[in-house]
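Chemist: Next come the chains, spelled out residue by residue.
There are 2 protein chains.
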Amino acid sequence: MIQSVDRAIRILGVLQGARRLSLSDLAARLELPPSTVHGILKTLQAHGMVLQDRDSNRYQLGPAVLKLGNVYLDTLELRSRAVTWSEELARRSGCAVRTGVLTHDEVVIIHHEPRPDGSRQMPEVGIVIPAHASALGKAMLAYLPDQLDELLAKGPLRSMTSETVIDGDELRKQLDEVARDALAAEREEAVLGEAGLAAPIFDASGLVVGAIGIVLPAVDWAPADATFGAVREAARNISRELGAAHWPIQPR
Amino acid sequence: MIQSVDRAIRILGVLQGARRLSLSDLAARLELPPSTVHGILKTLQAHGMVLQDRDSNRYQLGPAVLKLGNVYLDTLELRSRAVTWSEELARRSGCAVRTGVLTHDEVVIIHHEPRPDGSRQMPEVGIVIPAHASALGKAMLAYLPDQLDELLAKGPLRSMTSETVIDGDELRKQLDEVARDALAAEREEAVLGEAGLAAPIFDASGLVVGAIGIVLPAVDWAPADATFGAVREAARNISRELGAAHWPIQPR
DNA sequence: AAGCGTATTCGACATTGTCGAACGCAACTC
DNA sequence: GAGTTGCGTTCGACAATGTCGAATACGCTT
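Going down the list, the protein sequences come from chains A and B.
The numbering of the first sequence is the UniProt record's numbering, which starts it at 1 and goes up by one.
The numbering of the second sequence is the UniProt record's numbering, which starts it at 1 and goes up by one.
One thing to keep in mind: the hints can contain errors.
Once the Cα atoms are required to be at most 30 Å apart in a straight line, the calculated DSS-like pairs of lysine-lysine come out as [to be verified]:
id, chain 1, residue 1, chain 2, residue 2
1, B, Lys-42, A, Lys-42
2, B, Lys-173, B, Lys-154
3, A, Lys-42, B, Lys-154
4, A, Lys-154, B, Lys-42
By construction, these hints were calculated from the structure, which means they are not laboratory data.
Could you put the whole structure together from the sequences, leaning on the hints where they help?
Modeler: Here it is as structure tokens:
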């Protein structure tokens, strides 16, 4: 692990959480001398990864990170497959559809198909949700015991709403059920008033590479039986296109 | 400039251009020993900035970059203003609307309003276009002589189509006209069959912070007079909301 | 089974980043 | 308007750190 690179990424991470920060704030949060942080910041700035507000001198993320993000999406085979099947799933379920991948303890949304009712909706590509509080995250974690252990070892689970599962054992119990059905649900655990239903996506090597699912108003729970089937089918179809031999894969 | 951080970002940049690369390819392109690149790569990997394909061992960008990109968009005041006015501009012009910012020699799209005809269109947020070959880029460069000098000093302009302006003097001449009208046009200079029209956006300090414009099929050139006015108005409205005292600002 | 082309590990060396201190600058305060 | 405080930034000596060549391990082909 190269120290300065690690520090640079940690700077980006802090900036990600706090939007705009002064050099001294940044240094305080990282527990590093300001001059050290300054050197790294200037390097990041030269590449457009961060930029400094002319008026306040505070630092924030720069346009170069956006460029990188877009290229990541283009390289993902999963995404191109998800686009096709999301459309169908949205039509069949009448709900917005999200596809996501796992990074450490969070789900990153890589595709978002708006509800097919024609209303204006914010694109959600790139947003992150704690894995333990989302249907997508649970669908993936159920088949990734190592990632789950790592997540639980890291510290207490963050509570998002009163419904968030923050007990490790309770989460494990839920995930056992998820693995049995290849279907994960979430009711107001991340956002009040919102529920989710998701299924895991596997690739040719039989490992979970993502999950696809629907988002619906909590009051519309439970969805029709056909909807459960539609989510599982979307996940299975994408998995097959990625070369997965079976769906679902048996965990462990 | 911290060497290892600089190298890390260069690695990300190469990965951005080439999608997936083996360690030796990557090392060869950067003219660095493989072991040096490997150390940096492993650090980036630990943070999810890059990931390694299990089968081929090749490296590619990871989900963490996508997360960063999304947060960058959220911090941009310009973007939230652009969303409102893009909608109006799309309605008035009947065209797709793009808003972009400048990084070095490229325009990064930070908002994309699809053509209001209801057809399915790929979201274009995050894509990059060489500044000299786009209406958005010209609109900004006309008011940023320093950036223009830097761009021209860096080397020959990249040709995208037969229409791309690759002569520095010719570009300067065009930009003088752009600065006079506060309106930049582009006809098939980046993509054959596509034309653009854009106007610069200024902030409270009177500097260019972005540009907004429309994309239309080259065969539909020239747009109606009202459309020219609509583009300028959108740029002026956003500039005013950002605190700009005047629009356009006089260059130099 | 042998050989090649990979990625990866290791360790010695000196290059390089680090950190404290000093500087410059602007915005307040009295 | 002089003094003061709180910034960001620059500088340079030191040694911690990243670098690179060589050695190892791995997987694929022949």
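Chemist: Determine for every hint whether it applies to the structure shown.
Modeler: Consistency of the hints with the structure:
{"no.": "1", "hint": "B:Lys-42 / A:Lys-42", "in the structure": "holds (23 Å)"}
{"no.": "2", "hint": "B:Lys-173 / B:Lys-154", "in the structure": "holds (19 Å)"}
{"no.": "3", "hint": "A:Lys-42 / B:Lys-154", "in the structure": "holds (20 Å)"}
{"no.": "4", "hint": "A:Lys-154 / B:Lys-42", "in the structure": "holds (20 Å)"}
Taken one by one, the earlier hints all hold for this structure without exception.
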